[in-house]
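Undergrad: Here are the chains, one letter per residue:
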Amino acid sequence: MPRRKLIKERVPTPERPVEERVKDFGEVNLGYTFELAQKEAERCIQCPADYAPCIKGCPVHINIPAFIAKIREGDMKGALRVIWNDNVLPAITGRVCPQEDQCEGACVVGKVGDAVDIGKLERFVADYTREKGIDEELFQEMVSNRPERKEKIAVVGAGPAGLTCAGELAKMGYKVTIFEALHKPGGVLMYGIPQFRLPKEILERELDRLKRLGVELRTDHVVGKTITIKELLQEYDAVFIGTGAGTPKLLNIPGILSMRIYSANEFLTRINLMKAYKFPEYDTPVAVGDKIVVIGAGNTAMDAARSALRLGAEVTIAYRRGREDMTARIEEIGHAEEEGVKFEFFLNPIEFISDEEGKVKAVKFMKMRPLEERDSRGKRKIEPTGETVTLEADTVIIAIGLEPNRIITEDCDLETNPDGTFVVDENLMTSTPGVFAGGDAIRGEATVILAMGDGKKAAKSIHEYIQSKKAS
Amino acid sequence: MGSTLKKVSQLLVSKKYLKARASKPGVNKVKHVNKGDACMYRITDKRDLSPIDYFVEVEAPHVAKAWKPGQFVVLMTHEKGERIPMSVYKNDNGRIGMFIRKLGKTSYELYYDFKPGDYIYSFVGPLGKALKIKNYGNVVFASDAVCGQAENYATLRAMKEAGNYTISIQSFENAANVYPEEFLAKPVADEYYLTTDDGSVGMKGHYLDVIKKLIEEDRVDIIFAGGKLGSLAKLAELTRPYGIPTYTTVRQIMVDGTGMCGSCRILYDGKVKFACRDGPMFDAHKVDWEDVLRRDKRFVELEKIAKERYLKSRGVI
Ligand SMILES: Cc1cc2nc3c(=O)[nH]c(=O)nc-3n(C[C@H](O)[C@H](O)[C@H](O)COP(=O)(O)OP(=O)(O)OC[C@H]3O[C@@H](n4cnc5c(N)ncnc54)[C@H](O)[C@@H]3O)c2cc1C
Ligand SMILES: Cc1cc2nc3c(=O)[nH]c(=O)nc-3n(C[C@H](O)[C@H](O)[C@H](O)COP(=O)(O)OP(=O)(O)OC[C@H]3O[C@@H](n4cnc5c(N)ncnc54)[C@H](O)[C@@H]3O)c2cc1C
Ligand code: FES
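Protein chains in written order, with the working numbering: chain A, 1 to 472; chain B, 1001 to 1317.
The following block holds chain A by itself, in its conformation from the complex:
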């Protein structure tokens, strides 16, 4: 094979202009066209699969060089087949994975130029095959000869972990029922991540497929309240718990009950799930002012900030650490900056100040400074300087993290860690035989790809568990 010349620069993906996109909730990045995707695919130097750092960097080890090779050949069905082998939600993960910390972070081309845009290529394969109906063909091939099995499985929670687990089990022929607390499935993909990053039609497509696989969906069922794990075990042969980490952490500082202080979850749920941005066409309100401070710098903070911006407000993100410590996807930080979100670093909130009606009017911060020393997660430690600053704000959104919702554990005796996550073994089985768990419910706040991977792995474990029980 002739040596190719290394192309250092990425083929950019088209994006909607800032002034247009901040006025609505439509998707920001438009993705590659076929031609652009092939051009970008050319940049991959095709490391062999046993070496390729990108495969190692991928939490579910997608054979990335192989799918990129298929794009070059123009064999899109082949490309999708390679991806589906390890990841059943490429249209979603292609959009939301923190690629810079995973595949792209490891990419060899990235050592001398821009890493290959693996995320956008993954997304392209998913979008293109969907548009052309190729994904449906492949799907039909994969499910055409599936066996009929009589065992019934209950899946709790319809986020990426639960949906993946349900899909995989249904493909093996099991009868699957999903129990979801909210009135709509999707988990964070539905109520947390906004439309402008992940259009809801993509999720609808996945849900439609599950339905056609015969998966039954029971919304409005809070497991632990409506029905308990014990009751599920009487009716089902195994249970998978994918209840995520949905409970917001709030700051334990004075003024936390002032009005117009939202958790990011409340704010985003009102906007995404309840469509408060279309109030009063939709009934759920969201009251925001003109000057919003968002506390935190993860994906949740970026999503809240950019949603707030789209409601017409001026938005500042205040973070207690420095710029390079922000945990959100780089692309989203870039988008937020482009759209006019302001950033303030080394500010740690110590008090909310409110007016005589109880509405927040300012946030008082302690100024922090970084130390040389790093914490267990490799972030620079910080310490207070003793100096305070006050930022004016008529609305505050707190996005400092989430933890598992403990409602499900109220009525069961599954072993949990102090942070509320479930204790599982290497097969993702909890302390109760036949009950498995995955996703944020075992990891705390993590990622979509890990949740998807857990769902897939748990499906395999459940299959093995049921087969071995039958054998004995």
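Be aware that one or more of the hints could be misleading.
Below are the DSS-like pairs computed for lysine-lysine, each with C-alpha atoms no more than 27 Å apart in a straight line [claimed, not checked]:
(1) 171/A <-> 469/A
(2) 361/A <-> 1271/B
(3) 175/A <-> 460/A
(4) 359/A <-> 1273/B
(5) 1129/B <-> 249/A
(6) 1234/B <-> 359/A
Now the in silico label distances, taken between C-beta atoms and shown as ranges [to be verified]:
(7) 1198/B <-> 201/A: 52 to 60 Å
(8) 415/A <-> 1130/B: 20 to 28 Å
(9) 1135/B <-> 211/A: 43 to 51 Å
(10) 1040/B <-> 201/A: 19 to 27 Å
(11) 26/A <-> 1112/B: 31 to 39 Å
Because the hints were derived from the structure by calculation, they are not lab data. Idealized CB from N, CA, C, for every residue including glycine.
Guided by the hints, dock chain B with the ligands onto chain A, whose structure is given.
TA: Quick look at chain B with the ligands alone, frame taken from chain A:
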């Protein structure tokens, strides 16, 4: 800066955005279509309780099977609707009965646009913590508004079965607002009081007056109460010096009702608690009532827009 300007700037959803929205014609005439393979819930009964309140019964076996006194439900009338929490009056035959006050968009809409045989979009529960039902001795339940009236019956029904001496106090503004006999808590009360503010029927006064008297007679072991938040705050102060255990429903604005958003947070014993998950019944003596009263008004301006828009579309106003 004049005061009007200040008023305006305190208005919520950035003004230009709201204005753009409000001027859009056409209210959501939502068809009650089936929600795919998900459940829809049939309304089995609906009746007027008074000029301001009505009774509604919904078929929801999954909730009825598991519901216990103290717990509530969350419903949505249609896909574009709001998730609104409701107390439970009865859970018989797989059906959940509720008392609802015509207050804003959703409660009016359920009243005007839905009749028995129609389906509502979402019905989830039971939510919140169940009350400990056991023999306390003399149990009082006092209520002065719609949710409390439902809980009054539901709670005392269970308390009576558990062997308690049950005392029910139901307060209404005037004779016109008093519910029909069959919806009062009388059948589950060993001792029953009905009061009206103006004395047009029953005793003149409020449940607080009756409780004062009962305390003087030293006949109260535990008090439960629901209804107007202001009265509950007063009740807490009334019983505090006597150390009488007092549990009240702390109504807060909710979204999910399952502990996922913190909309319903209150300060309880100096700590943040979620009313939906840790309540809704709390030890009234530990609740920071001032914040509770304030946070209930978080969205009044927007609620008014939604309500007027709806009532106009119905030709009611
Ligand atoms: C705003 C936001 C932005 C994010 N952005 C990204 C991103 O860009 N990239 C990325 O990789 N990750 C991102 N994440 C993290 C990612 O979304 C999660 O790691 C992922 O969704 C976890 O999936 P899951 O299936 O474990 O749980 P979830 O998605 O949380 O789904 C759990 C589901 O279980 C339901 N449930 C909970 N309790 C019960 C119960 N008792 N009974 C029945 N149902 C129940 C919930 O209603 C929910 O539908 C983001 C998270 C948030 C909040
Ligand atoms: C645990 C609990 C039990 C309740 N039980 C009953 C009951 O049995 N009967 C009854 O009539 N009402 C009950 N409510 C109150 C009921 O939820 C509200 O009256 C209803 O949401 C009003 O909706 P609306 O659109 O008609 O009015 P809106 O105009 O939207 O609101 C009117 C007022 O209702 C309250 N409210 C509005 N939205 C919510 C919300 N999402 N969650 C909670 N309160 C809200 C606020 O005080 C608001 O000012 C209960 C509330 C809680 C929290
Ligand atoms: S209503 Fe969301 S946490 Fe209580």
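Undergrad: Run the structure past the numbered hints and jot down the numbers of the failing ones, going up.
TA: none
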